[in-house]
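In the numbering used here, the protein residues as written are 1 to 110.
Calculated directly from the structure, the hints in this document are not laboratory data. Heads up, some of the hints might be wrong.
[Stated by the list, open to error] Keeping only pairs whose Cα atoms sit at most 25 Å apart, straight-line, the calculated SDA-like set for lysine to any residue is: (1) Lys67 to Asp56; (2) Lys2 to Glu71; (3) Lys99 to Asp56; (4) Lys67 to Arg110; (5) Lys102 to Thr34; (6) Lys102 to Thr16; (7) Lys99 to His76; (8) Lys68 to Asn24; (9) Lys2 to Asp60; (10) Lys67 to Arg109; (11) Lys30 to Ile10; (12) Lys68 to Gly23; (13) Lys14 to Gly83; (14) Lys107 to Leu85.
[Unchecked claim] Here are the simulated distance ranges between beta carbons: (15) Cys66 to Val39: 33 to 41 Å; (16) Asp92 to Trp29: 20 to 28 Å; (17) Arg97 to Phe11: 24 to 32 Å; (18) Tyr96 to Lys14: 42 to 50 Å.
In this text, all values refer to a predicted model and were calculated from it rather than measured experimentally. For glycine and all other residues, C-beta sits at the position ideal for the given N, C-alpha and C.
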Amino acid sequence: MKIELLNVRIFISKNTVVTDAIGNRRNEWKPFYTCYATVSGEAGKEQTDAGMVVDDSSIDFTIRWCKKAAEIDSTHFRVEFNGELYNIAAVDHMNYRRKSIKLSCEKVRR
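Work out the full structure: start from the sequences and follow the hints.
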């Protein structure tokens with residue numbers, strides 16, 4: 001892996017369940033990991049859904065492997081990049097060589 005290609009900073013958040021003082025539970029996104037990544041596979045399209053224009057962008061991030069990054073899965077984590085949020089659709093461990101991890105993401109609809 002060429003280090004000079006890791007040129008953008010991304011923030012990975014983890015979804016956790018938080019219980020307040022009276023026992024109510026709610027989901028909350030907490031910072032989990034921040035690193036540099038290579039951005040590839042930027043593909044975007046806009047669709048009209050129920051009279052609204054919806055942005056269905058997808059993007060791939062490749063990050064270096066480490067123990068903390070190896071914990072990332074597609075159900076409990078999301079990526080923040082350039083002020084936009086992306087849900088992780090798939091995690092590719094690149095043949096389990098412990099060199100890099102590829103995160104295939106989709107833009108969050110707000």
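So, going through the hints one by one against the coordinates:
1. Lys67 to Asp56: Outside the cut-off at roughly 31 Å; violated.
2. Lys2 to Glu71: Roughly 23 Å between the alpha carbons, so the hint for Lys2 and Glu71 holds.
3. Lys99 to Asp56: 30 Å, violated
4. Lys67 to Arg110: Violated. Lys67 to Arg110 sits at ~32 Å, over the 25 Å cutoff.
5. Lys102 to Thr34: With a Cα-Cα distance of about 15 Å, the restraint between Lys102 and Thr34 holds, given a limit of 25 Å.
6. Lys102 to Thr16: Holds, because 23 Å separates the two Cα atoms, which is no more than 25 Å.
7. Lys99 to His76: Cα-Cα ~22 Å, so holds.
8. Lys68 to Asn24: 30 Å, violated
9. Lys2 to Asp60: Holds. Lys2 to Asp60 sits at ~17 Å (cutoff 25 Å).
10. Lys67 to Arg109: 30 Å, violated
11. Lys30 to Ile10: 14 Å, holds
12. Lys68 to Gly23: Judged against 25 Å, a Cα distance of about 30 Å means the pair is violated.
13. Lys14 to Gly83: Between Lys14 and Gly83 the Cα gap is close to 17 Å, so the pair holds against 25 Å.
14. Lys107 to Leu85: Answer holds: Lys107 to Leu85 is near 6 Å, not above 25 Å.
15. Cys66 to Val39: 33 to 41 Å: Violated: the Cβ-Cβ distance is about 19 Å, outside 33 to 41 Å.
16. Asp92 to Trp29: 20 to 28 Å: 23 Å, holds
17. Arg97 to Phe11: 24 to 32 Å: 25 Å, holds
18. Tyr96 to Lys14: 42 to 50 Å: 22 Å, violated
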